[in-house]
Amino acid sequence: MRPFGNLTTAMAFASSVTLASMTGAMAQEFPSRGIEFVAGYGPGGGHDTMLRTMARIIQDEKLVDASINVVNKPGGAGATSLGYLNSHEGDGHYLMAATSSFITTPLATDVGLNYKDFTPIARMGIDPTILVVNARSPIESLDDIVSSERVLNVAGGGRGQIEHLATLMVGDELGVELNFIPFQGDGEVATAVLSNQVDFAMINPGSVSEFIESGRVRAISISTEERAEAFPDLPTFREQGYDVVASVFRGVVAADGISDEAKAYLSDMVEKVQETEAWKTTYLEPNGVIPGYLGPDEFEAYLEETNALYTGMLERLGLLGG
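Position in the sequence shown counted from 1, then plus 158, gives you the working numbering.
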């Protein structure tokens with residue numbers, strides 16, 4: 159009977175090993191359900207537009223088999239979505255849009271989280287800032303700003319937003335004092351320039367491109383590292399001898415502690431998205447976003463640099479409270 163007993167034991171052991179292997183394989187399989195895209199602002203906003211475009215391209219191009227569902231978690235300048243994603247720590251089935259508020263909100267407000275509490279997946283592009291003047295303005299170059307005998311008024315988005323930070327950089331680099339005037343949205347900023355309420359503005363190029371084309375507004379410089387394909391004749395600040403690089407990034411992050419398999423899956427998925435022609439024609443070009451893809455490691459380094467920059471700027475403005 160002993161041989162039979164040994165055989166039974168061996169078979170039982172083999173079965174347990176096989177079962178354990180199968181269980182482990184099932185546990186590692188990703189995705190095991192649909193993937194949720196999380197927008198930190200309401201429908202129609204920048205987060206929502208980017209994610210819904212991505213979802214549509216993934217579906218139309220059949221880039222992955224998993225279903226994609228876009229959900230909106232607005233509130234607290236992105237703080238609500240940060241908390242929501244953080245509550246799914248270790249679960250790779252959630253992908254959240256991340257723009258500059260991903261950095262600035264934790265710095266300005268004590269939300270108990272920051273960029274290090276999430277998994278960087280990719281930077282998908284950047285929104286540059288351009289310096290524009292009314293076409294009838296005597297300002298035709300950055301040197302004209304330097305030689306001004308008075309403090310110039312500058313229009314831009316709200317205090318602490320990228321246009322405000324860019325204005326600080328311009329003032330520092332040009333060695334001049336500038337009076338920043340915050341407006342509610344790019345539409346109001348464009349109106350301020352067109353009506354000569356201000357001397358110049360720092361603004362997203364997509365918001366004034368039609369006025370540039372019609373000759374009502376003159377663009378002086380763009381805040382990218384290199385010239386933008388959409389504005390090939392517009393020189394960068396760096397070209398003109400001033401180290402001003404300031405832009406709003408558009409990327410995606412996952413929850414902290416996700417598996418390597420989930421991270422690789424999400425990274426591969428979004429990389430495929432940004433390689434499609436549809437991404438260029440239905441998202442980048444219509445929204446004035448400049449291509450600027452970065453993979454997980456490069457995006458992580460970029461977030462660290464951006465956090466350091468924003469920390470210094472917000473501290474100068476007295477807005478650092480996180």
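Read the hints as simulated data drawn from the structure, not as lab findings.
Some hints could be false.
To be verified - Quick list of in silico lysine-lysine cross-link-like pairs, DSS-like style, CA-CA up to 25 Å:
no. : residue 1 : residue 2
1   : K231      : K421
2   : K430      : K220
3   : K274      : K220
4   : K220      : K438
5   : K438      : K274
6   : K421      : K274
Stated by the list, open to error - Simulated restraints on C-beta separations:
no. : residue 1 : residue 2 : range
7   : S190      : V229      : 10 to 20 Å
8   : D302      : D401      : 50 to 60 Å
9   : G476      : S372      : 33 to 43 Å
10  : D268      : K430      : 18 to 28 Å
11  : G476      : Q398      : 27 to 37 Å
12  : R294      : D268      : 21 to 31 Å
Predicted model only: the values in this text are computed from it and were never measured.
For each residue, glycine too, the CB sits at the ideal point set by N, CA and C.
Next item on the list: Take a look at whether the Cβ-Cβ distance between D268 and K430 falls inside 18 to 28 Å.
Entry: violated (38 Å)
Notebook entry, point to check: Cβ-Cβ distance between G476 and Q398: within 27 to 37 Å?
Noted result: Taking Cβ atoms as reference, G476 and Q398 lie about 30 Å apart, which means the hint holds.
Check: Holds or violated: 33 to 43 Å for the Cβ distance of G476 and S372?
Finding: holds (39 Å)
Checklist line | Restraint status (C-alpha distance of K274 to K220 at most 25 Å) | finding: violated (32 Å)
Item checked: K430 paired with K220 [C-alpha distance capped at 25 Å] -> Roughly 10 Å separates the two Cα atoms, so the pair holds.
Item checked: Satisfaction of hint between K438 and K220, Cα-Cα up to 25 Å -> holds (17 Å)
Check: For the pair R294 and D268, does the Cβ-Cβ distance stay inside 21 to 31 Å?
Finding: Roughly 46 Å apart at Cβ, these two residues miss the hinted range, so it is violated.
Note to self: Please check whether D302 and D401 have a Cβ separation lying inside 50 to 60 Å.
What the structure shows: Distance hint for D302, D401 is violated at roughly 19 Å.
Check: When you check the alpha-carbon spacing of K438 and K274, does it fall within 25 Å?
Finding: Roughly 30 Å separates the two Cα atoms, so the pair is violated.
Notebook entry, point to check: Has the given pair, K231 with K421, been kept, meaning a C-alpha gap of at most 25 Å?
Noted result: Holds: K231 and K421 sit about 22 Å apart, inside 25 Å.
Next item on the list: Quickly compare the C-alpha distance for K421 and K274 to 25 Å and report which way the hint goes.
Entry: holds (15 Å)
Note to self: Does the beta carbon distance between S190 and V229 stay inside 10 to 20 Å, or does it fall outside?
What the structure shows: At 18 Å between Cβs, range holds.
Violation of the numbered hints given earlier is confined to hints 3, 5, 8, 10, 12; the remaining hints are satisfied by the structure.
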